[in-house]
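What follows is each chain in one-letter form.
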Amino acid sequence: MSSSNWTAELLNQLDSAAITVEQISLPSTTLWQIESNHWKRYAELAIQQNVRWVAGWAEQADHRFFINACFEKQGIYILLRTIVNVVKPELPSQAPVYPAANRSERHTQDMFGINFLEHPDNRRWTRHKAWDKHHYPLRKDFPVQGEPEDITPPDMDYPFVKAYGAGVYEIPVGPVHAGIIEPGHFRFQAVGELILNLEERLGYVHKGIEKIAEGRTPASLARLAGRISGDTTVGHCWAACKAMEQAAGIEVPRRAALIRGILAERERVANHLGDMGAICNDVAFVFAQMQFTRLRELWLRTNEKVFGHRLLMDRIVPGGVVCEVSEASCTLIKQDIIHLRKEMSEIMPAIDLNTSLEDRLYRAGYLSPEIAAAFGTLGYVGRASGQNQDVRRDAPYAPYDQVNFKVALEDQGDIASRFWVRYKEINAALKLIEQFIEQLAATGNLTEKQMLQAEWRTPPAGSESLGIVEGWRGEITAYIRFDADNKIARFYPRDPSIVNWPVLEKLTLNNIVPDFPVCNKSLNGSYSGNDL
Amino acid sequence: MNWLIAILQTTLFVVLAPLLAGWIKWCKCRLQNRKAPSLLQPYRDLIKLTNKQPVVAEQASWLFIIAPYIIFSATVLAASVVPLIAVDLPTSASADVIVMVGFFAFARFFLALAGLDIGTAFGGMGSSREMTISSLAEPAMLMAIFTLTMTASTTNLSGAIAHVLNEGMILRPSFVFALFALVLVAIAETGRVPVDNPATHLELTMIHEAMILEYSGRHLALIEWASQLKLMLYGVLIANIFFPWGIAKTLTAEALGYGLLAITGKLVLLAIFLALAETLVAKMRLFRVQEYLSFAYLLGLLGMLSHIILEAAR
Numbered sequence: 001m002s003s004s005n006w007t008a009e010l011l012n013q014l015d016s017a018a019i020t021v022e023q024i025s026l027p028s029t030t031l032w033q034i035e036s037n038h039w040k041r042y043a044e045l046a047i048q049q050n051v052r053w054v055a056g057w058a059e060q061a062d063h064r065f066f067i068n069a070c071f072e073k074q075g076i077y078i079l080l081r082t083i084v085n086v087v088k089p090e091l092p093s094q095a096p097v098y099p100a101a102n103r104s105e106r107h108t109q110d111m112f113g114i115n116f117l118e119h120p121d122n123r124r125w126t127r128h129k130a131w132d133k134h135h136y137p138l139r140k141d142f143p144v145q146g147e148p149e150d151i152t153p154p155d156m157d158y159p160f161v162k163a164y165g166a167g168v169y170e171i172p173v174g175p176v177h178a179g180i181i182e183p184g185h186f187r188f189q190a191v192g193e194l195i196l197n198l199e200e201r202l203g204y205v206h207k208g209i210e211k212i213a214e215g216r217t218p219a220s221l222a223r224l225a226g227r228i229s230g231d232t233t234v235g236h237c238w239a240a241c242k243a244m245e246q247a248a249g250i251e252v253p254r255r256a257a258l259i260r261g262i263l264a265e266r267e268r269v270a271n272h273l274g275d276m277g278a279i280c281n282d283v284a285f286v287f288a289q290m291q292f293t294r295l296r297e298l299w300l301r302t303n304e305k306v307f308g309h310r311l312l313m314d315r316i317v318p319g320g321v322v323c324e325v326s327e328a329s330c331t332l333i334k335q336d337i338i339h340l341r342k343e344m345s346e347i348m349p350a351i352d353l354n355t356s357l358e359d360r361l362y363r364a365g366y367l368s369p370e371i372a373a374a375f376g377t378l379g380y381v382g383r384a385s386g387q388n389q390d391v392r393r394d395a396p397y398a399p400y401d402q403v404n405f406k407v408a409l410e411d412q413g414d415i416a417s418r419f420w421v422r423y424k425e426i427n428a429a430l431k432l433i434e435q436f437i438e439q440l441a442a443t444g445n446l447t448e449k450q451m452l453q454a455e456w457r458t459p460p461a462g463s464e465s466l467g468i469v470e471g472w473r474g475e476i477t478a479y480i481r482f483d484a485d486n487k488i489a490r491f492y493p494r495d496p497s498i499v500n501w502p503v504l505e506k507l508t509l510n511n512i513v514p515d516f517p518v519c520n521k522s523l524n525g526s527y528s529g530n531d532l
Numbered sequence: 001m002n003w004l005i006a007i008l009q010t011t012l013f014v015v016l017a018p019l020l021a022g023w024i025k026w027c028k029c030r031l032q033n034r035k036a037p038s039l040l041q042p043y044r045d046l047i048k049l050t051n052k053q054p055v056v057a058e059q060a061s062w063l064f065i066i067a068p069y070i071i072f073s074a075t076v077l078a079a080s081v082v083p084l085i086a087v088d089l090p091t092s093a094s095a096d097v098i099v100m101v102g103f104f105a106f107a108r109f110f111l112a113l114a115g116l117d118i119g120t121a122f123g124g125m126g127s128s129r130e131m132t133i134s135s136l137a138e139p140a141m142l143m144a145i146f147t148l149t150m151t152a153s154t155t156n157l158s159g160a161i162a163h164v165l166n167e168g169m170i171l172r173p174s175f176v177f178a179l180f181a182l183v184l185v186a187i188a189e190t191g192r193v194p195v196d197n198p199a200t201h202l203e204l205t206m207i208h209e210a211m212i213l214e215y216s217g218r219h220l221a222l223i224e225w226a227s228q229l230k231l232m233l234y235g236v237l238i239a240n241i242f243f244p245w246g247i248a249k250t251l252t253a254e255a256l257g258y259g260l261l262a263i264t265g266k267l268v269l270l271a272i273f274l275a276l277a278e279t280l281v282a283k284m285r286l287f288r289v290q291e292y293l294s295f296a297y298l299l300g301l302l303g304m305l306s307h308i309i310l311e312a313a314r
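Keeping their order, the protein sequence lines are chains A and B. Residue numbers for the first sequence, in the numbering used here: 1 to 532. Residue numbers for the second sequence, in the numbering used here: 1 to 314.
In case anyone wonders, no lab produced these hints; they're calculated from the structure. Virtual Cβ for every residue (Gly too), placed ideally from N, Cα, C. Worth double-checking, as some hints may not be accurate.
SDA-like cross-link-like pairs, simulated, lysine to any residue; straight-line CA separation at most 20 Å [said to hold, decoys possible]:
id, chain 1, residue 1, chain 2, residue 2
1, A, 211, A, 506
2, B, 35, A, 297
3, A, 162, A, 147
4, A, 162, B, 121
5, A, 342, B, 121
6, A, 506, A, 296
7, A, 342, B, 32
8, B, 35, A, 296
9, B, 35, A, 298
Sample of chain B residues with no beta-carbon within 10 Å of chain A, all distances over it, derived [as the list claims (entries may be wrong)]:
id, residue
10, 194
11, 253
12, 262
13, 306
Derived Cβ-Cβ restraints for the label pairs, each shown as a range [unchecked claim]:
id, chain 1, residue 1, chain 2, residue 2, range
14, A, 343, B, 105, 45 to 53 Å
15, B, 287, A, 183, 26 to 34 Å
16, A, 168, B, 98, 48 to 56 Å
17, A, 199, B, 33, 35 to 43 Å
18, B, 216, A, 152, 20 to 28 Å
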């Protein structure tokens, strides 16, 4: 079946189901607009084609709400939209069909007051106690500064799922933890040490990113995007810039695209090194953590030297990048890669041959390919459970369109797989950086400014676009709509964590309580990226 | 005079325990390729904790507050039974090895109660795990110790050590088994890797730490000190029973000096072994601990059988 066939097939089926689709072409995506009462029916037809649910969000335009959902298969992204009225906004939920849409719809429900009918679980999600039940922060009439009380009351009455029976007990963990990590609450129902059910309660780091994005200039939005999740600053910044550039019809200079590629891959390597160490630390194999932490630190110091920022924040701007990579820097980066490879070749056998580590990581936290597919699991979590999905290959964007690249894949679905898939991704990333550096030399002899940044053009009012890149955690989707005067009307960033967090509830089932931390670490979702 | 030396020996135990903990930490840090804190860091931590105001949960009863004192006292009493630098002291004569195990059980009982007392999920979880592990560890420990006492025909530690010293260096298969059993039990009982991780911040994986999560200030200092003491106690037990050479048989200054030197050397070596083992292995899955301790029990049993079959006839 050729790649463009699934959209035609789906359109045929929609047609025979008497669902009229209005097709509008957007930069890089197609917008399909349907009637709101067909919202769920569309999902039922789409899932038959194995189409993946990508993201869902809403937007207010005067007295109407635009409700959006994004779907993907074989690298082709379709933006689905329906329109409901501000007075009594409701539409059938897609969550019974796509479990991944569950929390996203609850977020929309809390932020806009849109009612999703027949939703399997319509408890509040993003709303804790910082605003009242009948206030909807993302509606236009809600003030940007909010209506905060002096002290936000504690969130005491969230209706958690309960388990009953002899010997069943409940373990509340967080949001404040013993280590210095992000806040999130986990509610376990356990019998002895066996986990019967795990429920996540997130939203403790809700920062109002979507609200404060409104009215920003492109440059200022890029800075905001870089702060959605500190560890994915390059990924989010790139996704937002890509969306803005597509909306404005700007082509990024080849040299800038290559540097973006280097930045993104360096971010990936740094985070994977940190994660691999942290996984070992969670089973008290501290030696490995110390080694990986050391390697990550050396890697970050090179970032500082070459790009001027350890975590590469604000290096990407609309139209290009702000940092030039000189010949000397290229040499430094290449030496760095050689050094990292050498060190890894010494550490990895020590880890591979350690049976006590093997005993903890193999078969623990098993995520079946079926569940991974049902939730549209992204990044290393999906790829460790055989989900062969990577934006860099499936929907290649500059500079990934001109490189040799193999997607790292494992199929055991356990913690060890998620560990080794990271190792493979590091190797792939190092090869990519080498190719980018080679290509850097061949980028024309323009002036520096022209090589690094394309001139910004004000996009027409109402222009919209989806920027999709492969961040280190997986596919990042950023939706942008411009207002008049170069201002942002709507920004919705979908961090891969939003899709991956629910999977943690599944993969910890039938594990024992003390194995949860390492299961969690193997997934390593971002709290900040999820809570927005 | 004898009583004075007995008190001195117990004091040495209490005072040196943090130093041993510092030394183990130092070795571990070096093995992990990082800079180590000063050997005196555990003392500084204890002083810091003592100077802090303890914060007690509202739900805590009197039990929670007195538990640290009981735990510390019971551990010090257990230490007084174990010959550190000299044998034939009055304290070791008045109590035997079963009393020592009893002191441990007594301290643990109160620790587990304190964990349950404040009513948090972590405290209860820690207590439950601790009792599970100790119910498996205690028989294994007693089995190993009975092997020794059968050889020496006494349950008195001092007597057993003197017996081993008088017999000279004889390779007894029963002792080899008992040594391994006791080492395994010691690691489990003192909450070291691979059974428990004293350095973890992950509440859900904790055993010992989960019970004391709510403790602070001087209460925490006492409990920390007691666990350092317990670690040293097990170290001394292993060192002096299986390798008693150097311990003072007479109470002269010279003999006592040699005794101190000998036990220091033995503990330094033991600590290096412990640090090495802790660096090389990851913590085991909680449900593996029973297999681990069953293995320790089996070793103890084999020790006893080999004593009966191979050695008792002599």
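(request) Please name the hints from earlier in the document that this structure breaks, with their numbers sorted from lowest to highest. (result) The structure breaks hints 1, 3, 5, 6, 10 and 16; every other hint is satisfied.
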